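Asks: Knowing the structure of chain H, use the given hints to seat chain Z on it.
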Amino acid sequence: MEPASRYRQLSCALGGTKLVGMDVQPCQETEAEASLLKALKASDERAFVELVNRYSGRLLVVARRLLNQEQDAQDALQDAFISAFRGLAAFDGNSTLATWLHRITVNAALMKLRSKRRKPEQPIEELLPKYYDDGHRQNPGPAWKTTAAQVVEKAETRELVRRCIAQLPDSYRIVLVLRDIEELDTTTVANHLGIEIGAVKTRLHRARQALRTLLDPHFRGDAS
Amino acid sequence: MTCQEFIDFLLDYDEGVLPADQRARFDEHLSVCPDCVNYLASYRATKAMGKSAFSVGSEPLPAEVPPELIQAILSAHKHAE
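Which chain is which? The protein sequence lines are H and Z, in order.
Taking the numbering used here, the leading residue of the first sequence gets 214, the next gets one more, and so forth.
Taking the numbering used here, the leading residue of the second sequence gets 5, the next gets one more, and so forth.
Isolated chain H (complex conformation) (with noise of 0.2 Å):
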């Protein structure tokens, strides 16, 4: 069993002390997430509708992170819980339900991205800093003038930076959505796309800096 897992049960044990560190789920979820995956292993038919309406909703959020087309996305969801349904016998509960499907989705998204024919991507040079001959940046213009807490705490600035994202060539955007959104190490990253970890860090890097040259006229302080 998972560190986690002994920490939520003994943390149930307690009467739902809250153990010092750990990330545990409240035990009034664990305990509806055993119910839940209990109920599932036996079939039971609206086991599976309540899984599907109660984690729908979030893991197509996941989907369409790595999939900019809203019928892949779709589809990669539709995949996912398929896959969900063939290993419910095989899932132990060493994780949560959550962690669990979000793998899977993660998953079945890159599966999407594979099978597609592979478009000719747009170079991301031109989004990265360009240098004098002596090594000085070319027009590093001012600083920003707000702060990332400040940004995001508007609907609209989130849309624009998750519009921003969209434009990053495909190769850079998904190792920029896997390493920086979904949080997955570089390894896990290189596992999953099959290339070097160099490579992630590279294309990380990139990703970043032409994220960064998307944002700058709107954040930069000469900004009206």
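Rather than coming from a laboratory, the hints here were simulated on the basis of the structure.
One or more hints might be untrue.
Only pairs whose alpha carbons sit at most 20 Å apart, straight line, appear in this in silico SDA-like list of lysine to any residue [unchecked claim]:
(1) Z:Lys55 to H:Cys377
(2) H:Lys251 to Z:Lys82
(3) H:Lys332 to H:Gly407
(4) H:Lys367 to Z:Ser56
(5) H:Lys414 to H:Ser384
(6) H:Lys414 to Z:Gln8
(7) Z:Lys55 to H:Thr359
(8) H:Lys367 to H:Cys377
(9) H:Lys343 to Z:Asn42
(10) Z:Lys55 to Z:Glu19
(11) Z:Lys55 to H:Asp393
(12) H:Lys254 to H:Asp305
(13) H:Lys251 to H:Trp313
(14) Z:Lys82 to H:Val262
(15) H:Lys358 to Z:Leu44
(16) H:Lys414 to Z:Leu44
(17) H:Lys414 to H:Leu323
Just a sample of chain H residues kept apart from chain Z, beta carbon distances all over 12 Å, derived [unchecked claim]:
(18) Ala303
(19) Arg371
(20) Ile408
Since the structure is predicted, the reported quantities are computational estimates derived from the model, not experimental observations.
Here a beta-carbon is modelled for each residue, glycine too, at the ideal position from N, C-alpha and C.
Replies: Just chain Z, lined up with the frame of chain H:
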């Protein structure tokens, strides 16, 4: 160190994986280059905005799922039984 060298290796600096002597060279460059101080701040802000663009606080934003997609998923399950 030039601004280009600083920015090219910024990811390693930001992740704190550089050896102490190299990190000291980055810190020294930052102490004399306001443009790179600004670039580092905006690079870190970009990273944070990417994460936050899909969440409200620590909670991810759920999507509206088309009812027909829910039905298709449940139907696929029934046919698989």
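Asks: Check each numbered hint from earlier against the structure, then list the numbers of those it violates in ascending order.
Replies: Checked against the structure, the only hint that fails is number 19, while the rest are satisfied.
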